[in-house]
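Engineer: Sequence:
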Amino acid sequence: MIDLPQPTGAELWPPEEPVPPARLNKPWRGLVAVAEVVLAALAVWGVFWFWRGASAQVSTTSDDGAVLVSQRLFGGMLAASIGLGILAGILLVDAVRQLALAVRARPRKPKD
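Sequence positions in the sequence shown follow this note's numbering and run 410 to 521.
Careful: at least some of the hints might be erroneous.
So the derived label-pair ranges between C-beta atoms look like this [stated by the list, open to error]:
hint, residue 1, residue 2, range
1, I499, W458, 18 to 24 Å
2, V512, P424, 36 to 42 Å
3, A450, R513, 23 to 29 Å
Source of the hints: derived by calculation from the structure; they are not laboratory data.
A quick note: this is a predicted structure, and the numbers were derived from the prediction, not measured.
For each residue, glycine too, the CB sits at the ideal point set by N, CA and C.
Based on the provided sequences and hints, a complete structural model is requested.
Structural biologist: Set out below in C-alpha cells:
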C-alpha cells in the first residue's frame with residue numbers, strides 16, 4: 410500500500426463568513442406567548458370536556474329488586490384528556506419562556 414502525504418492546514422477550508430449574533434430580544438415573542446396562553450386555555454377546556462365524557466353511569470336492577478350502579482370509563486377519552494392536560498402544561502411553560510425572552514433579554518453593551 411502506498412501511503413501518500415495528505416494536505417493539511419487552514420488553506421484547505423474556505424474562510425468562515427462572519428455571522429451576526431442572534432438576537433434573543435424580539436418583541437414578537439410576547440405575541441407568541443399570548444397565543445400559547447390562549448391555546449393552553451383551549452386545551453384546559455378540552456381536558457374538562459373529554460374528562461366529563463369519559464365516564465358513563467350504568468344502572469341495573471337485579472331480580473331481587475336491588476339497584477346495581479356501576480361506572481364505565483372510556484380509555485380513549487381519558488387518554489385525550491390527559492394528553493391535553495400535558496399539552497397545556499408544556500404550552501404554559503413555553504409561554505413563560507417566550508415572555509421572559511421578549512422582556513428581559515437585552516443585547517450586551519460592548520466593553521470599552
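Engineer: Hint by hint, note whether the structure agrees.
Structural biologist: Each hint, compared with the structure:
Checked against the given bound of 18 to 24 Å, the beta carbons of I499 and W458, roughly 19 Å apart, stay inside it. V512 and P424 have their C-beta atoms about 38 Å apart, which keeps the hinted 36 to 42 Å range intact. Between A450 and R513, the C-beta spacing of about 24 Å keeps the proposed range 23 to 29 Å intact.
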